[in-house]
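Chains as they are written, first to last, in the UniProt record's numbering: chain A, 1 to 150; chain B, 1 to 150; chain C, 1 to 429; chain D, 1 to 429.
Keep in mind that the hints were calculated from the coordinates and are not lab data.
From the three backbone atoms N, C-alpha and C, an ideal C-beta is built for every residue, glycine too.
Please note that a few of the clues may not be correct.
What the hints assert, rightly or not - Covered, in the sense of this in silico footprint (three residues per stretch, anywhere, with C-beta under 8 angstroms from a C-beta of chain B), are these stretches of chain D:
hint : stretch
1    : 365 to 375
2    : 383 to 396
Unchecked claim - In silico negatives: residues of chain D with every beta carbon more than 12 angstroms from chain A:
hint : residue
3    : 62
4    : 71
5    : 75
6    : 124
7    : 155
8    : 167
9    : 285
10   : 327
11   : 341
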Amino acid sequence: MNELDALYRELILDHSKHPQHFGLADEDAEPGHSGTSHQKNPVCGDEITLRARVDGETIADVTWEGRGCSISQASASMLADLVAEEGLSRAEAVTLIEGFREALRSRGKLELDEEVYGDAAALSGVSKFSARVKCAMLAWVALEDAIAKA
Amino acid sequence: MNELDALYRELILDHSKHPQHFGLADEDAEPGHSGTSHQKNPVCGDEITLRARVDGETIADVTWEGRGCSISQASASMLADLVAEEGLSRAEAVTLIEGFREALRSRGKLELDEEVYGDAAALSGVSKFSARVKCAMLAWVALEDAIAKA
Amino acid sequence: MTSATPQTAATAADPIDAVRLREDFPILAEQVNGHRLVYLDSAATSQRPLPVLDAERDFLEHTNAAVHRGAHTLAAEATDLFEDARATVAGFVGADAEQLVWTSGATMGLNLVAYSIGGASASSSLALRPGDEIVTTAIEHHANLIPWQELALRTGAVLRHIPAHDDGTLDLAAAAEIIGPRTRIVAFTHVSNVLGIINPVEEIIALAHQVGALTVMDACQSAPHLPLDLPALGVDLAVFSGHKMMGPYGVGGLYGRAEVLEAMPPFLTGGSMITTVTLDRAEYLPPPQRFEAGTQPIGPAIGLAAAVRYLDGIGLERIHAHETMLAERMRAGLVEIPGIRLLGDPSTGSVERVGLWSFDVEGVHAHDAGQFLDARGIAVRVGHHCAAPLHTRYGVTASVRASTALYNTPDDVDALLDAVRGIRPYFGV
Amino acid sequence: MTSATPQTAATAADPIDAVRLREDFPILAEQVNGHRLVYLDSAATSQRPLPVLDAERDFLEHTNAAVHRGAHTLAAEATDLFEDARATVAGFVGADAEQLVWTSGATMGLNLVAYSIGGASASSSLALRPGDEIVTTAIEHHANLIPWQELALRTGAVLRHIPAHDDGTLDLAAAAEIIGPRTRIVAFTHVSNVLGIINPVEEIIALAHQVGALTVMDACQSAPHLPLDLPALGVDLAVFSGHKMMGPYGVGGLYGRAEVLEAMPPFLTGGSMITTVTLDRAEYLPPPQRFEAGTQPIGPAIGLAAAVRYLDGIGLERIHAHETMLAERMRAGLVEIPGIRLLGDPSTGSVERVGLWSFDVEGVHAHDAGQFLDARGIAVRVGHHCAAPLHTRYGVTASVRASTALYNTPDDVDALLDAVRGIRPYFGV
Ligand SMILES: Cc1ncc(COP(=O)(O)O)c(C=O)c1O
Ligand SMILES: Cc1ncc(COP(=O)(O)O)c(C=O)c1O
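Bound conformation, chain A alone:
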């Protein structure tokens, strides 16, 4: 697999074409509180709005809207999927985001564990492309911010 294919895994292109949990959930609907974050990549104008609804200590769901490159869109879609599948607590989410950031900044040294990160593990290849790390991080930074506000 050449480097480009390692970046654009099938899974990534799939998610970017069929984004999951796209469309913001109603803020006032049950359950619990919700937090919304808007993030932007000033270089290319890509942006994302992400909403996390929190029920006590548990993140109930993550929905989002935005536009941007396939990496940023796939990453948001995968993140929303991960939250939906794992039923994460706030604390767990924070740890996951930290680990994700670390792997992506590792310049190819760290791999994301599929057991933990699900489809998002396919984003490991991004870490070799330092100019694209921001794209992959966009949704995760938004979740960090949204939880803090929720």
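Use these hints to put chains B, C and D with the ligands onto chain A, whose structure you have.
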């Protein structure tokens, strides 16, 4: 004669130690109109105030005051002497100043004629020292300005 | 000193031998991702030829000293080289040495102008009053837009924009309406860094001068590509950046008509721009020194002089002809590829341009397209190229821009076209 | 990349081998007027060692591309090198990368601070009101004086000055009176470029912080000569220039405490410092990018990182010890020569200093003295060294300054002393 001695001719050191026509003449005294110019070298703070008294088309006398390096002081003294000895017209003075400027900017290519410039011809050596050209020009620029005002 | 004689005397009609010229640019021999580097990002920053690299290094190894402030030999020689560089760079745009102010780049030059005008005393002819109008265009780089937004905010002046047609040309009829008795400043780019179109700057200058407005031209994207004679053009002020014209980073030029520079108050203050200083006040030197506070980019200025000698040695007419040929080859190829939309009119010969095109790949984000090209060694720029409003105008947030310079060859363009054909299939659209 | 390992591991106590280090500086092999170059003008601009020249050239020949704005490989590598350079230079003064703003030099850094404060909205904690006081000192370089004069003029604030004693030290008793509840800004130099005295900046910072004033330090003449830990010092903002610390022209640094930079509005505007731009308004990035409009001096920044690695490789403690030794040798020699008057207390050990002395030659103008020294290959600076008020304070318009760096030897100092002995006899005084 080494280059330094060519710069600091005996004549130059003499004039700088015994400046001629030093002390500004009374502005309102006869004859004719007078023009005064203040010039400054911002690098070293050297300055000169020069007064030209003009009688019709003839420059009656030039007096000056100032402080600065031996080149700038000698140059002023020599210029005042030249005017006193030659009884120049405005037009002649302008031509002389132009010629002086040209020689000093020639980077050693032009020599000032002693017949024409008197003691000031000894300043020819300055043209090889581009950083010192401004020092030698200070009084001459002041005269140019003073005549224009007179 | 290495002198730049890249080719033996050639007439303006001779095509340039870009393959031979490439040897002057060490970086063009690089391999990227297993491919030879195809550098199509010169509008962002150009590469530097050996005479430029050598001139700067030669200076630093043999003559380096702070200028204008010392009697010692190195300082005097450095001052001579620095002032010769000023005369050389000024001459490159048809100007005299005293009309050229050194800056750190075009952004700095435009900020200098905007801040200086903003600091003009109420009695100055330059001072802006609430209700006065500053006119810019809808296609500007942020560097020629935001400083005017800020100046308008600070002074109460109103900022207006000359709109662009769909084909990317400026709407001159609208310009004639917008530029009126309230207009005090008209700021416009000579060549758009996104569209590559050469704007009808003579017409804009004429409109501005009819109403007595000051003209400010961004010459970043024209200086390396077209012969320029700024005094003949009649523009009041113009800026350019060294690094976009084969010169070093950290240096640029502000050209100004003598009366205009003379009327402008200082902007940055500090050493070497003053006559008298006491603890409480300072008096300032005449231009250009008035605007050159502190130690200037001496080595970069000397490098920039070598760069313009290099460009002049080849000849700007020939460079322009070469780059236009490349742009036409690029256009002709791109319009044949399904799903590629060029920004600006894609038909041939409609307007004069320099050698660049920006485009949108239907269904593929510019970042992804750029990544795909990079995997084949092709360096293009993706994003809004610091011209976000223009992209908004075309309904996209980002585009791919391929920009050429004298060292690009038809092979470079063909490599681009070949790769662009593969983008949409790769991403399955 | 060439890495800087000028000497094998040496402890802070080992004297440096300046003769060996000179080999790293090609220009020091020059002949001037038939003599070997004795370069004693490093306070104006330092010379550059090979690792600095090589780092910049290496970048331009292999990696050059515009940073932060592209997905292609060169752009990504260039961005990494540029941001690594930021971290390296920040680390050199004890700071984190986000606390370092690139500037074109110290003058620019000080203007940035003064203009940014001048542009703070009325509700900002930084905003100045008429009657507020800005305090500087009587010994400043014009770069740390005129921007404050102008800021005072623009805002109605009052500019005050901490006076100096005859021995060149700041009058701290007076400082304690002057710095009071109205003081909003205290701007001072760490080391005077004329006197070489290391000022008691901890005391001044303490006085300023007691009254809640912002502290701004000019570290131009300390950064290349002393170990610096700016966060530990507690200063709010500090500036330095690349070319004075073995680095390139066209680059400098502004250090700021995070909260202070965060509170400062942008100064220069343009590309790469914004988040959103429409034709009518722009929103700005957080620091440091907020202050970095347009293309930054990428090559020079990478060169400056090589310079601080070079300095760190030798060790600032050792450099300081070496230069102090040279200064003491110079002092001891100069005080023995009839008609030489040192600016500042000529007795030994009274205050801490870096390796420079300025002096007046009785009966001989500084320009003439400098010319005489130059004829022997000795490069010194003559004039007011952009500190006119300080010279006025000492009753002279100009002085001769001999300033050392790590590459100067006792032989250089002896050559100076020998030549200075000849000045007055030559001019017959
Ligand atoms: C103490 C001091 N401050 C500020 C400056 C200005 O630095 P620059 O000219 O590099 O902007 C200098 C050098 O000239 C200096 O010695
Ligand atoms: C048209 C135009 N204007 C201004 C600029 C700003 O130039 P710099 O970043 O060198 O200051 C650029 C380049 O980015 C440009 O293309």
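In rising order, the numbers of the hints this structure does not comply with: 4, 5, 9
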